[in-house]
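*Asks:* Residue numbers (my numbering), protein chains in the order written: chain F, 1 to 302; chain H, 1 to 302.
Do not take every clue at face value.
Unchecked claim - Facing chain F, a subset of chain H residues (Cβ under 10 Å, in silico):
hint	residue
1	G150
2	V154
3	R184
4	A208
5	L209
6	Y213
7	D247
8	S283
To be verified - Computed beta-carbon distance windows for the label pairs:
hint	chain 1	residue 1	chain 2	residue 2	range
9	H	R53	F	A191	55 to 63 Å
10	H	E59	F	P153	48 to 56 Å
11	F	E187	H	A191	34 to 42 Å
12	F	G272	H	G73	50 to 58 Å
13	F	E5	H	V192	20 to 28 Å
14	H	P52	F	A38	48 to 56 Å
Keep in mind the hints are simulated off the structure, nothing from the lab. Beta carbons are placed, not taken as given, at the ideal position from N, Cα and C, and that holds for glycine.
Protein chains: 2
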Amino acid sequence: MSASERVTIREVGPRDGLQPEAVQPVTVRAGLVDRLVAAGVTTVEAVAFVSPRAVPQMEGAGEVLAAVERVEGVRYLALVPNAKGAELAVAAGVDGLSLTVSASAVYSQRNVRMSVEESLGQVAAVRRVVGAALPLDTVISCAFGSPYEGDIPVAEVAAIAGRATDAGSTSLTFADTTGMGGPRGVEELLAVVGVDVGLHLHDTRGTALVNAYAGLQAGVRRFDTAVGGIGGSPFAKGAGGNLATEDLVNLCDSLGLATGIDLAQLLDVSRGLADTLGHPMPSRLTAAGPSTAPTAPEKGRG
Amino acid sequence: MSASERVTIREVGPRDGLQPEAVQPVTVRAGLVDRLVAAGVTTVEAVAFVSPRAVPQMEGAGEVLAAVERVEGVRYLALVPNAKGAELAVAAGVDGLSLTVSASAVYSQRNVRMSVEESLGQVAAVRRVVGAALPLDTVISCAFGSPYEGDIPVAEVAAIAGRATDAGSTSLTFADTTGMGGPRGVEELLAVVGVDVGLHLHDTRGTALVNAYAGLQAGVRRFDTAVGGIGGSPFAKGAGGNLATEDLVNLCDSLGLATGIDLAQLLDVSRGLADTLGHPMPSRLTAAGPSTAPTAPEKGRG
Chain F
1 MSASERVTIR EVGPRDGLQP EAVQPVTVRA GLVDRLVAAG VTTVEAVAFV SPRAVPQMEG
61 AGEVLAAVER VEGVRYLALV PNAKGAELAV AAGVDGLSLT VSASAVYSQR NVRMSVEESL
121 GQVAAVRRVV GAALPLDTVI SCAFGSPYEG DIPVAEVAAI AGRATDAGST SLTFADTTGM
181 GGPRGVEELL AVVGVDVGLH LHDTRGTALV NAYAGLQAGV RRFDTAVGGI GGSPFAKGAG
241 GNLATEDLVN LCDSLGLATG IDLAQLLDVS RGLADTLGHP MPSRLTAAGP STAPTAPEKG
301 RG
Chain H
1 MSASERVTIR EVGPRDGLQP EAVQPVTVRA GLVDRLVAAG VTTVEAVAFV SPRAVPQMEG
61 AGEVLAAVER VEGVRYLALV PNAKGAELAV AAGVDGLSLT VSASAVYSQR NVRMSVEESL
121 GQVAAVRRVV GAALPLDTVI SCAFGSPYEG DIPVAEVAAI AGRATDAGST SLTFADTTGM
181 GGPRGVEELL AVVGVDVGLH LHDTRGTALV NAYAGLQAGV RRFDTAVGGI GGSPFAKGAG
241 GNLATEDLVN LCDSLGLATG IDLAQLLDVS RGLADTLGHP MPSRLTAAGP STAPTAPEKG
301 RG
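Modelling step: build the complete structure from the supplied sequences, incorporating the hints.
*Replies:* If you want it as structure tokens, here you go:
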């Protein structure tokens, strides 16, 4: 790994992170986006244009984007499930879209009530309505294992990803949706799909950071993270949040990889979010503070 | 990393892990040791022979060792601070000792009220009273940074370790006592001290597993871990537990490295300990269960 290399973090806290939380007002959601940008985030998945019946936490996506103080050079993105969502997102002035296609047939049916084939059809449909210019990232969920099928062969995952590209995606992100992957699985997939991809890791089993490190070592320079490690349901059995933005920034800082994000400012955002949401953030770094700010250790520790 | 290699885990849950917990009865402590051994643990730091005034959680170390059902081939170890503790440990029939010497002068003074020089003197004193045969591991605390001095030069850490060997240690373990290290720091220290050492990692900042992975990649095959990730004070601001045994076993399993520990059985021990101690274990793996036991994911996750 060469120092001075740049790692691009797509902050998904306002979208993936807030999804399992209590519904937050538009001003809170827009304010979170603004504070993340102030801390140095330059790519942020700010909203999802999805059915408010299915995900009430994402209702008012257009209002959130209208309330955000746009900063030059920052990319404000939206997750969309289909062409209708894409049209709304374009109308709200997003800089790019993401869309999920699952590598797991069962997960796809249960999570979005579509076959993998139908999901790939949505990629093509979105591309048609948004025209050629807008960036469209396809997130391949369950890329490192499915809670239903278990391991999914790397060749299958890669084939679905290839079809997403054919359908009009401009980039790909591989997601460990339920935290089943390990460093070796990350290496094996990257050996097939290449390293010009994003990784979207969940910490369900405490492996998000080690999997990110395996990705960094292989040469991946794009990651999805959520401030505080929110997402999933950190306090419910079996669920787990996203890789915490601060955990990845801390790791990159220690490796001499630039993220453009100021760790101290980001930790302030994370602590503020804990107050807003009324529970501690899953990230241990947020609780402990950076190692550059010494705290007294306990007595008798080995 | 070649598969079929063996990783030795020194389970420190009954000692380092229980230290910050409510005082547990002898039967509970001995039972925990027995259950860990039943899950496949072959090296266990079962007790510490320290002042019960300073660490009431470790009172009755001899009784715990007497109550343990000794299994052939398992090494039952004790932490001792000095020659007096070593004599008691030998009388209780331990298979080896560990002793802590800090790389941080300030931490040493505040934690054990001794200079580093005086701590090294304890290594020599312990060696004198126990004779030549008993294994004695010296744990170099704050080896990856001190909350008081910040980074400690690798050469200084290595010099203290060298003196511990000269004083009679048969092995060395390097501890990230307050969770300040990163993978690069691990690599840098190992490049100087070699990989025939142990690593003792704390998860104060969520970096224990990634640091262990860096150690594994460099060739380290000895780790201290605590079942559940207990230790420190998982629910107090700024403190953090040990690398969780289950997290390391899960990682080793995924890398094809043998630990001899059965993950499912270990998770049972961890869940039982949560009931005993009355709070959830810090290990997310224990909450989620192994990825080989699928659970239904939540709706709308990316």
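*Asks:* Each of the hints needs a verdict: does it hold here or not?
*Replies:* Cross-check of the supplied hints:
1. G150: Since the shortest Cβ distance to chain F is 7 Å, the answer is holds.
2. V154: Not OK, violated: V154(H) not within 10 Å of chain F, min 15 Å.
3. R184: 6 Å, holds
4. A208: This hint holds: A208(H) lies near chain F, its Cβ roughly 9 Å from the closest one there, short of 10 Å.
5. L209: 5 Å, holds
6. Y213: 5 Å, holds
7. D247: 5 Å, holds
8. S283: Check passed: Cβ of S283(H) comes within 6 Å of chain F, closer than 10 Å.
9. R53(H) - A191(F): 55 to 63 Å: At 57 Å between Cβs, range holds.
10. E59(H) - P153(F): 48 to 56 Å: Holds: the Cβ-Cβ distance is about 55 Å, inside 48 to 56 Å.
11. E187(F) - A191(H): 34 to 42 Å: With a Cβ separation near 23 Å, E187(F) and A191(H) fall outside 34 to 42 Å, so the hint is violated.
12. G272(F) - G73(H): 50 to 58 Å: 53 Å, holds
13. E5(F) - V192(H): 20 to 28 Å: 26 Å, holds
14. P52(H) - A38(F): 48 to 56 Å: 52 Å, holds
Hint compliance for this structure: hints 2 and 11 are broken, all remaining hints hold.
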